[in-house]
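Engineer: Produce the entire structure from the sequences given, and follow the hints as far as they go.
There are 2 protein chains.
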Amino acid sequence: MGTTTTPTRVFINEVATRDGLQNEKTFVPPPRKIALVDALSRTGVAKIEVTSFVSPKAIPNLRDATEVMAGITRQPGVVYTTLVPNNRGALRAIEAKVDEINLVMSIGEKHNLANMRMTCDESLAGFRDVMGTMAGSGIRVTGSIATAFGCPFEGEQPLDRVLWATETYLNLGMVGVTLCDTVGMAHPRQVDRFCRAVRDRFPGVPFTVHFHDTRGMGLANVMAALDAGIDSFDTSLGGIGGCPYAPGATGNISTEDTVHMLEACGIPTGVDLDAILPLARGLTTLLGRPVGGQVARSGKRTDLHAFPQCA
Amino acid sequence: MGTTTTPTRVFINEVATRDGLQNEKTFVPPPRKIALVDALSRTGVAKIEVTSFVSPKAIPNLRDATEVMAGITRQPGVVYTTLVPNNRGALRAIEAKVDEINLVMSIGEKHNLANMRMTCDESLAGFRDVMGTMAGSGIRVTGSIATAFGCPFEGEQPLDRVLWATETYLNLGMVGVTLCDTVGMAHPRQVDRFCRAVRDRFPGVPFTVHFHDTRGMGLANVMAALDAGIDSFDTSLGGIGGCPYAPGATGNISTEDTVHMLEACGIPTGVDLDAILPLARGLTTLLGRPVGGQVARSGKRTDLHAFPQCA
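So the sequence lines, in the order shown, correspond to chains A and B. In terms of the UniProt record's numbering, the first sequence opens at residue 1 and continues consecutively. In terms of the UniProt record's numbering, the second sequence opens at residue 1 and continues consecutively.
Please note that the accuracy of each hint is not assured.
Claimed, not checked - Derived DEER-like restraints, expressed as beta-carbon distance ranges: (1) B:42 <-> A:197: 48 to 54 Å; (2) A:155 <-> B:137: 27 to 33 Å; (3) A:95 <-> B:26: 56 to 62 Å.
Unchecked claim - PhoX-like cross-link-like pairs, simulated, lysine-lysine; straight-line CA separation at most 25 Å: (4) A:300 <-> B:110; (5) A:110 <-> B:25; (6) A:110 <-> A:57.
Just so you know, the hints here were simulated from the structure itself, not pulled from any lab data. In this text, a Cβ means the ideal position worked out from N, Cα and C, and glycines have one as well.
Structural biologist: Following this line, the structure appears as structure tokens:
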């Protein structure tokens, strides 16, 4: 599979409180969100996408973004990032003194219209405004390429469009780019090809991948990305974070299953699995529904059983 | 990842009617089992593990093994195999004119005691008897190495013990060997190492891998095995097939998700996904419970949605 060096350490970015909670039926009140972020801050994750400075009408579940950002206790070494959909959100993010903001556009035009209610051109014009607003704030700006591995309306997206979006983001001044498999269409060979292509074309740029497990390929895609040299992964506690275009499907790849697999493979994640697992199990109570992720149910592969337990 | 050539075509062995049904709470009556096997026979799977010639007391769900084998309509090109635990089972298999039988021993001594109620020495002595019985029958004999990637009582098993078991099986005259991740402990790096080791040590021997998705790593392990040169996979419709030592966990890797991923990756499986998916969905009715597998719920990655469906 080529000559790329597999990373010897990876970074886990926890997105449950943003990507996960935004689509839940239940509104999680701010004190519980704050408690969850604070608990996650102590697990060793590299970054937490705390919330989104989005219109409360668009995403009522995250209407408490300012309160949550103000209420959390920041741990040194953890990056606290938020999604920002427009200039108004950027101003709120600056006020909240976040470490980083993340901008998102779907490269599938139709998905961008459905999800952001903007054409790609309109999204990019908005990004220019935001970059202007952020200039001098000292806050890093990253960009997510949604539907990078496929659009539910248009199908697979050409690699060239991913390369174009990456270049556009970088030219705008973004300091990192995330390739998002928004609706779980990525497969390992595609991940290998796309990840190698962006790394070859844009050496030195920090790339992140964001996978959903919609079709069961999430962790296989993690390994493919890892072997293609990617060292940064968006994951979600309990695998929460739905995809409205695939009813009944699971959401994001779960933090605990990803950490469990990578650590088993000898790739340090910095995350304490024993600290993460109780939080994943606690989500069932918090959300009032069973959540995804296998390891929280099955236990770790190193959990031995008494003999003969049920022979 | 080395110089091994990735297979350009893989073989799917369906195990749902044996590994899947044996642990179900519901007894599936013989006509329904026969209908399921017959439907599976028309999907393009290479092999079907139809049933097990085991004692009806040990596995009541498969007490109809003889009736089921007699009732199915065999398709040319499909191998019909059965599990055989002892000489008595071997005699029944010969009478049933199966194409192949499969013998199983756990290399974890404690798991073999719990599962087969025999020491490994006793299992191997039994295998010798069976090989004598099968001689001249024209029926192929293969062997499964259970707990090859870890035992729930003893933990990870040394590669040397897998190599020893393989050599022992081959010396007994078995014509193919399956490495089984009986309780879902395998991780991709281990799969890579073990698969390369057996292929290097025993060139030309047909190896199969049998993964469970207990900890979410099932499809990642498929890719690792594939890239290590393995071209034969045991899979189970709907991912049925439980692991009694991991309550709440999912079972075998699902046939439909495996086929979906491999075909997406451009690796032909011979299996018609559109024929498999309705069968997977039908299992929920047959078993009276939701079954595993993502693609049966989410649809294929190539299933496009109308715009704007739920913007």
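Engineer: For the pair supplied as a hint, residue 110 (chain A) and residue 25 (chain B), confirm whether the alpha-carbon distance does not exceed 25 Å.
Structural biologist: Cα-Cα ~46 Å, so violated.
Engineer: Return holds or violated for the Cβ distance of residue 155 (chain A) and residue 137 (chain B) against the range 27 to 33 Å.
Structural biologist: For residue 137 (chain B) against residue 155 (chain A), whose Cβ atoms are near 51 Å apart, the range 27 to 33 Å is violated.
Engineer: Regarding the pair residue 110 (chain A) and residue 57 (chain A), is the alpha-carbon distance no greater than 25 Å?
Structural biologist: holds, 22 Å
Engineer: Taking the Cβ atom of residue 42 (chain B) and the Cβ atom of residue 197 (chain A), is their distance within the range 48 to 54 Å?
Structural biologist: violated, 40 Å
Engineer: Straight-line Cα separation of residue 300 (chain A) and residue 110 (chain B) no greater than 25 Å?
Structural biologist: holds, 19 Å
Engineer: If I claimed the Cβ atoms of residue 95 (chain A) and residue 26 (chain B) lie 56 to 62 Å apart, would that claim hold in this structure?
Structural biologist: Since residue 95 (chain A) and residue 26 (chain B) have Cβ atoms about 59 Å apart, the given range 56 to 62 Å holds.
Consistency note: the structure conflicts with the earlier hints numbered 1, 2 and 5.
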